[in-house]
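Chains A and B, in that order, give the protein sequences.
For the first sequence, the positions run 1 to 98 when the working numbering is used.
For the second sequence, the positions run 99 to 303 when the working numbering is used.
Hints were generated in silico from the structure; no laboratory data involved.
Bear in mind that the values here come from a model prediction, so they are computed numbers and not experimental data.
Virtual Cβ for every residue (Gly too), placed ideally from N, Cα, C.
Hints may be right or wrong, so weigh each one.
Part of the chain B face toward chain A, derived, beta carbon under 10 Å [to be verified]:
1) K154
2) S216
3) S275
4) E277
5) T283
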Amino acid sequence: MEKLHFNFDTTDAIAKPVHVGVVASGDLEVIFRPTDKKTEVNIVTGSDGFKEVWANVLKRFFDRYPIQANIEINDFGSTPGVVNLRLTQALEELKDEK
Amino acid sequence: MVEINPHDLLKIDSISALSEELPSWANSIFPNSLTVVVRRSPMRAGRIPVGVRGMKREHRFATYVDPKDVLKVTTPYELVERKAWKKTIPERQILPAIKALPKINEVLHNYHWGISGSVGFELATGTRAAKMTSDLDLVWLPEHSINKNEASSLLKELNQFGIHADLQVIQGNNGFSLEEYANSTSTIMMKTLEDPILVKDPWLK
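Extracted from the complex, chain B is given alone in its bound form (with noise of 0.2 Å):
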């Protein structure tokens, strides 16, 4: 099997692979994907920490499925390396956080990022998840740190598109954000698979 990644996005063959029943509000999309998003969380005997998400910000349902029942594993990193969104149709790509990729794209051709979020769900599943009013989030896998000043020059580009991107730096399975660290006088948080935890210098390993 391949490795599982917080934020991956997995494709299963049926509702019954989930751990638990799902509330009723997640009937109206999930049949149609079929897809869940991994969780920073710990695996639990075995099986994948998952997410189902439904079209509201508070329709969001942690289960957890069998790595059997998994039939494929799309990365936020993949949904940019085919450039996802040039397949979308006309009509979602007026979505403000939809338009604005391949503009990040030119900021970002030099970094290991991918596509997170309901853009991402989008992208990757055609369903309709993301809104006009959507941010954009993104992940990256980065090589070396930046430094603050680096940090926030990096953010005004990103943030010149019209929509709200926010950049979450992938430290193994801990994440954090950058705009939170070019903006930290003291500590910030990292999430981790357990609790999030305070830190002083992200970048440490």
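Just chain A, same shape as in the assembly (with noise of 0.2 Å):
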């Protein structure tokens, strides 16, 4: 198990937590809580040695959706494919809220 910590520079503030995902092999739980602070994601994941996979993954979601949020991620060995979809589902369910 290893905990990630990733910090990034974003405007959007957001209104309404969100939670999307479930707690299974392969897939991971992705929270969205709203903040007054900078973006900070903190990752907890049973997969160790793919921090860069991960701020890879992180940076490219943020260029494109600069979200200013808490992000709280669970991971349970999920592939990217699965990551960017359940940061995209938890994007569309802010928009949801609107």
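Combine the two chains into a complex, taking the hints into account.
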């Protein structure tokens, strides 16, 4: 198990918390919470040694969608494709709330 | 050749049947089982996408195998049909995920279901792939759809034995999590041979 921490400079504050994903092999839980502080991403992952992959996936995501949020991720061995999908799904749920 | 689906376990005749050279961790358990798991991914040049399992979660290696090098196919459903948990040695029956199987079988007796993940691998190969903390990964080939309330009650029944049972609903080559469906308010993830997609109604074909 590994804990990873990332910070991003983003500006688009979110209004509501969202929670997507499930606790299951090959999947992950993603929780977005509103924050006034810098965007922080805290990841707990069962698969060690993928820090760089996470950094790339997250950077690509925030480059496109500069949301400002406190993000918690609990990962159970998901692929980058699944991570991207869950992040996108969380964004869509944010839009639904508006 | 028989039809091969994601989650099937393939026994191969030698390590050299795999497309790529294996990482060093694979030498610890893989040579004893010579069994790979079919991945949910497209075939490549007539070769089957497979994964090699190690003891740790990060020990997964994606490669391909030629159908002609497959000696035997074990499906997750076969393990249930032959009640494979009855053949495990007593020492392994204390693992919560294995111990729960006779009870899970009672809950699911009207379902076409199978055992995947580390427990399925252990039952099929006799190697010690499961751990005290292993979840129970199950697959279900539905004959008809169920609504969210029915899905919730089924999950409640499956999760009363002290383990987390995760049931993937199989739709052809695709699959979705019953738990996510039960709790969903908008979209859910459908795993496909290509990248996963978000769908509103996972039962639509």
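Evaluation of the provided hints:
Against a cut-off of 10 Å between C-beta atoms, the interface hint on K154 of chain B holds, since the closest Cβ of chain A lies about 8 Å away. Look at S216 of chain B: its Cβ gets to within about 9 Å of chain A, closer than 10 Å, so that hint holds up. Annotation: interface hint on S275 of chain B holds; nearest CB of chain A at approximately 5 Å, less than 10 Å. At its closest, the beta carbon of E277 of chain B sits 5 Å from a beta carbon of chain A; the interface hint therefore holds under the 10 Å criterion.
A hinted interface residue such as T283 of chain B counts as satisfied when its beta carbon comes closer than 10 Å to some beta carbon of chain A; here the least separation is about 8 Å, so the hint holds.
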